[in-house]
Amino acid sequence: MEIRHATNPTEAKHYTTDQLRERYMMERVFTEGEINMLYAHDDRMVIGGAIPTSQEGLSLSATETLKTSYFLERREIGIINIGGHGTVQVDQETFELDKRDCLYIGKGKENVTFYPGNAENAAKFYFVSTLAHKEYPTQKLAIKDAEPNHLGSIKESNERTIYKYVHAEGIQSCQLMLGMTMLEPHNMWNTMPAHIHDRRSEIYFYFDMPEEGRVFHFMGEPDETRHLLVSNEQAVISPSWSIHSGAGTSSYTFIWAMAGENYTFTDMDFIDMKDLK
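Numbering (my numbering), first residue to last: 1 to 277.
In short, the hints are calculated from the structure, not lab data.
A hint or two may mislead.
To be verified - Below, in silico cross-link-like pairs of lysine-lysine (DSSO-like), each with a Cα-Cα straight-line distance of 30 Å or less:
hint, residue 1, residue 2
1, K109, K99
2, K155, K274
3, K155, K109
4, K134, K109
5, K277, K107
6, K144, K107
7, K144, K155
8, K109, K140
9, K155, K107
10, K144, K134
11, K107, K67
12, K13, K67
13, K67, K109
14, K109, K274
15, K144, K99
16, K140, K107
17, K67, K134
18, K144, K109
19, K155, K134
Computed from a prediction, not measured in an experiment: that's the story for all the values here.
All chains should be built: construct the whole structure from the sequences, respecting the hints.
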């Protein structure tokens, strides 16, 4: 498991392009037949991806990094399948996940295994795990059952649909908040005007992009922004002090995941466009 230590905005002002990518990007989320994971010290979030290719499956392991006897001993996890049909076994329960379906697994489940479905269209399980102090029930929410929230406009180039999976009025959790934003064709902007939430860190994972497509992901303090050039199926760590916004060369979809002190969407500090630099 890769380790990323937390950073501060004063240091970030002096980072080169390579240093920005080394500290804030997970460039390879998926590898066939493996589970890739990154431990971010920002609110102790674990980001990962699994592509199971054999019927033996891929088991989520605590590894030496967590210093626990099993992965979810003191954690919870949210999983979204971005590929073909696949299966997740949680102790003695089995959950079938199609593309964009979500599965939440609460603290205390000892065995989590990812299994493949259609070999011609591999399942790709993207997940984010956060610390947990209480056990909540394991729950699946299929994309067809998720409530869509339509926002934006063609005029502003940000017509999009937001699906909230894990949050106070949806699947219950301790810290994790998880959802997905799908931009309509010919739209490219997300999360603009920008905001920060100083009590929560956030992870953006971009996917459903063409091979040559890119997203210019903007980060940094509002008065001194930076950008990262993001390809398909890459993730970005957004510290609590940073904005998180993007514009693509084409439409795209991204999964957002948050954790921290507050469990609400109302603690955002919006940044006026005239204050962005």
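### Query
Between K109 and K274, does the CA-CA distance stay at or below 30 Å?
violated, 48 Å
### Query
Are the Cα atoms of K134 and K109 separated by 30 Å or less?
Given pair K134, K109 holds - Cα atoms ~12 Å apart, limit 30 Å.
#### Entry: Restraint status (C-alpha distance of K109 to K99 at most 30 Å)
OK: K109 and K99 at ~24 Å, within 30 Å.
### Message
Need the status of pair K155, K109: alpha-carbon distance at most 30 Å?
### Response
violated, 47 Å
### Task
Verify the proposed pairing of K67 with K134, using a straight-line Cα cut of 30 Å.
Between K67 and K134 the Cα gap is close to 19 Å, so the pair holds against 30 Å.
### Query
Is the straight-line distance between the alpha-carbon of K155 and that of K107 30 Å or less?
violated, 44 Å
### Query
Within 30 Å, alpha carbon to alpha carbon, are K144 and K134?
holds, 29 Å
### Query
Regarding the pair K140 and K107, is the alpha-carbon distance no greater than 30 Å?
holds, 15 Å
### Task
Mind checking the alpha carbons of K144 and K155 for me, to see if they're no more than 30 Å apart?
holds, 28 Å
### Task
Mind checking the alpha carbons of K144 and K107 for me, to see if they're no more than 30 Å apart?
Since the Cα atoms of K144 and K107 sit roughly 26 Å apart, the hinted pair holds (cutoff 30 Å).
### Query
When you check the alpha-carbon spacing of K107 and K67, does it fall within 30 Å?
Holds - the C-alpha atoms of K67 and K107 are around 15 Å apart, at most 30 Å.
### Query
Taking 30 Å as the top limit, are the C-alpha atoms of K155 and K274 close enough?
With Cα atoms ~20 Å apart, K155 and K274 stay inside 30 Å; holds.
Hints 3, 5, 9, 12, 14, 19 from the list above are not met by this structure, while the remaining hints are.
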